[in-house]
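K.L.:
All chains should be modelled from the sequences, with the hints used to inform the complete structure.
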Amino acid sequence: MAKYLLKRLVYIIVSLFFIITITFFLMQAAPGSPFASERALTPALEAQMNEAYGLNEPIHVQYFNYLFSAFQFDFGPSIKYVGQDVTEIIARSFPYSLILGVEAILIALSIGVLLGVIAAVKHNKFGDYTAMVIAVLGISVPSFIMATILQYIFAIKLQALPIARFESFAHTILPAVALATTPLAFIARLMRSSMLDVLHSDYIKTAKSKGLSERVVTYKHALRNAILPVVSYLGPLVVSILTGSFIIEKIFGIPGLGNEFVVSVTNRDYTVIMGTTVFFSVLLLVSILLVDLLYGLVDPRIKVTDKGASK
Amino acid sequence: MSKLLEVKDLAIYFDTYQAEVQAVRGVSFELDEKETLAIVGESGSGKSVTAQSLMRLTPMPPGKFAGGSILFNGEDLTKKSESQMESIRGKDISMIFQDPMTSLNPTMTIGKQIAEGLIKHQNMSKKEAHNRGVELLKLVGIPNPEKRINQYPHEYSGGMRQRAMIAIALACNPKVLIADEPTTALDVTIQAQILDLMRDLQQKTGTAIILITHDLGVVANAASRVAVMYGGKIVETGNVDEIFYNPKHPYTWGLLSSMPKINNGEEELQAIPGSPPDLADPPKGCPFVARCPYAMKLCENHMPEYTNLSDTQKTACWLLDERAPEVEPPESAIVGGAKVHG
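Protein chains in written order, with our numbering: chain A, 7 to 317; chain B, 232 to 573.
No wet-lab data here; the hints were simulated from the structure.
All values derive from a computational prediction rather than experimental measurement.
Just so it is clear, CB atoms sit at the ideal spot from N, CA and C, and this is done for glycine as well.
Take these hints with a grain of salt, some might be off.
[Unchecked claim] Rough simulated footprint, nothing fancy, chain A against chain B, three-plus residues with beta-carbon under 8 Å: (1) 346 to 359; (2) 382 to 396.
[To be verified] Below 27 Å or equal to it, Euclidean Cα-Cα: the simulated BS3-like pairs (lysine-lysine) are: (3) A/Lys131 to B/Lys295; (4) B/Lys265 to A/Lys211; (5) A/Lys226 to B/Lys322; (6) A/Lys128 to B/Lys310; (7) B/Lys528 to A/Lys211; (8) B/Lys311 to A/Lys211; (9) B/Lys310 to B/Lys234.
P.N.:
Pasting the structure below:
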């Protein structure tokens with residue numbers, strides 16, 4: 007197990023190295039610079055700025071400098087926001103995205119799995135159709151439309167929840183629901199089809215032949231097997247929710263990391279682009295690792311050990 | 232000997248998008264205590280549906296009882312509520328399935344899968360059920376049961392999984408064990424072991440067995456009586472010796488002919504030409520008419536009644552009518568060699 011974790015850690019570092027390299031050169035290849043704006047700087051000033059941020063050096067030197075400092079967890083200062091470090095920006099904005107993301111994932115998982123199970127158990131009946139109509143709506147309505155509809159209904163018409171900003175738990179409900187809609191619908195469909203598969207499998211017949219009730223068969227035998235595809239979807243889901251929150255953050259006026267990420271790209275704020283990319287990548291790689299470990303817990307056929315060293 | 236199970240005129244239909252499929256069309260048979268009845272027939276003859284409906288495991292809908300009754304200890308199972316059935320399943324009647332690779336829950340230990348029935352039907356505590364599980368695994372011949380009981384199905388071989396299935400099925404000492412092609416998915420040496428095991432356990436526990444199979448070799452090995460099914464009907468029934476040495480139905484002849492024989496290895500394997508009838512539009516007369524080499528005009532429109540050939544043997548064929556021409560079974564259908572032990 008320890009050996010396996012170590013191996014995965016090495017993979018993560020290698021992946022990170024490639025991500026940093028590719029992002030760095032792609033970013034440099036994009037036209038524009040942090041100092042390009044409507045009001046052009048005087049050449050002398052621009053040269054001075056470039057020097058201050060080390061942008062006048064040859065590109066490979068910049069690359070190695072960055073690599074060197076990145077592995078010391080030093081992501082440098084923001085070029086656009088004077089006096090702010092990239093780590094500060096991430097530390098300030100990430101908690102918002104994290105809270106929002108965790109809430110959205112919990113909503114998507116719990117309601118998505120529930121809808122899927124209901125749909126499968128009530129296959130081709132009213133419950134199934136209702137759940138699948140919700141799922142189709144959830145997949146086809148984009149999150150930004152969902153967000154404005156939610157704002158219109160719950161904030162403007164019903165005055166039940168705050169329309170924007172991020173100050174209390176009540177503020178998080180609408181954006182979290184809007185963020186959860188698409189993955190929720192996806193999970194519901196995934197869960198329905200895998201549950202249907204499982205309910206028609208032989209071992210469910212065996213369980214029934216033991217005299218177990220419908221309920222025990224569904225929850226004790228079918229659910230754990232049917233949830234496996236959902237578990238493997240969790241990794242990409244975590245990332246898409248954390249990064250995809252940009253639009254939602256914008257609509258609800260939440261100063262989250264997704265927002266910072268997109269702004270940094272339009273600003274060509276090189277250090278922030280790199281910093282957030284690396285941060286999101288680490289998040290992705292770690293969540294994939296966690297999902298793999300979780301998978302081993304749910305499905306005993308998958309042993310988290312090294313090849314040949316098992317049993 | 233008293234009748235444990237009496238199936239009378241059982242009919243099971245399935246509603247599908249295209250048509251109503253009449254999978255079982257008036258099947259009657261009986262099962263005595265402690266005996267083994269084999270139901271044989273090719274795929275699509277309705278034998279598995281019959282077997283699963285005895286435990287009401289056929290999904291309904293789309294399936295439905297279209298008539299007849301299943302009397303178990305004199306009580307009609309087709310009239311029981313779902314919760315009444317739950318207390319019969321696994322306790323009085325239990326079942327083992329064709330494919331041991333898929334019939335066990337992959338995410339649950341063997342021990343837990345055995346214990347479930349015991350906890351439900353015999354009010355055992357988890358610990359008692361675990362201990363009984365170890366005994367059962369020992370009984371079905373799984374080595375090192377104390378360790379094996381905590382393993383998952385993927386850690387068992389195919390033969391061992393079928394043994395575990397048998398342990399699950401026999402956990403509560405059922406009166407009837409339905410074995411739906413229990414050896415089909417296993418290789419030949421394991422097949423023999425599983426059949427031996429079932430016979431041993433039957434002698435120890437006195438369970439009556441209904442053995443569903445398409446393999447006449449299995450029948451000869453394990454059963455005392457045989458019912459031959461075709462097109463949703465039982466076309467011939469009798470004890471093993473009668474079916475093997477004095478078969479009267481052309482379909483039984485066909486089945487016997489298509490069994491590979493050891494003494495005439497030069498010969499090509501005989502098959503019955505054609506395919507079974509479409510049960511969405513079942514034939515009016517004898518279901519075998521389209522493939523029967525002896526078919527007469529009469530057969531097309533009239534289902535023959537059963538002719539009692541002995542106390543045990545009944546055959547539904549017009550050839551047995553006194554007005555029909557004399558027909559001898561084909562040579563390939565004559566079972567040679569040593570007498571089959573019943």
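K.L.:
Against this structure, judge whether each hint is valid.
P.N.:
The hints, checked one at a time:
1. As drawn, the segment 346 to 359 of chain B meets chain A at 4 residues by the rule of a beta-carbon pair under 8 Å; at three or more, the given contact holds.
2. As drawn, the segment 382 to 396 of chain B meets chain A at 3 residues by the rule of a beta-carbon pair under 8 Å; at three or more, the given contact holds.
3. The hinted pair formed by A/Lys131 and B/Lys295 meets the criterion: a straight-line CA distance of about 18 Å does not exceed 27 Å.
4. Proposed proximity of B/Lys265 and A/Lys211 is supported: the alpha carbons are some 25 Å apart, at most 27 Å.
5. A distance of roughly 20 Å separates the Cα atoms of A/Lys226 and B/Lys322; the hinted pair therefore holds under the 27 Å criterion.
6. A threshold of 27 Å between alpha carbons decides the hint, and for A/Lys128 with B/Lys310 the separation of about 24 Å falls inside it, so the pair holds.
7. Only pairs whose Cα atoms come within 27 Å are accepted, and B/Lys528 paired with A/Lys211 is rejected, the gap being roughly 43 Å.
8. Our distance criterion of 27 Å between C-alpha atoms is met by B/Lys311 and A/Lys211, whose separation comes to about 19 Å.
9. With a C-alpha separation of about 19 Å, the suggested pair B/Lys310 and B/Lys234 falls inside the 27 Å cut-off, and the hint holds.
Hint violations for this structure: number 7 only, all remaining hints satisfied.
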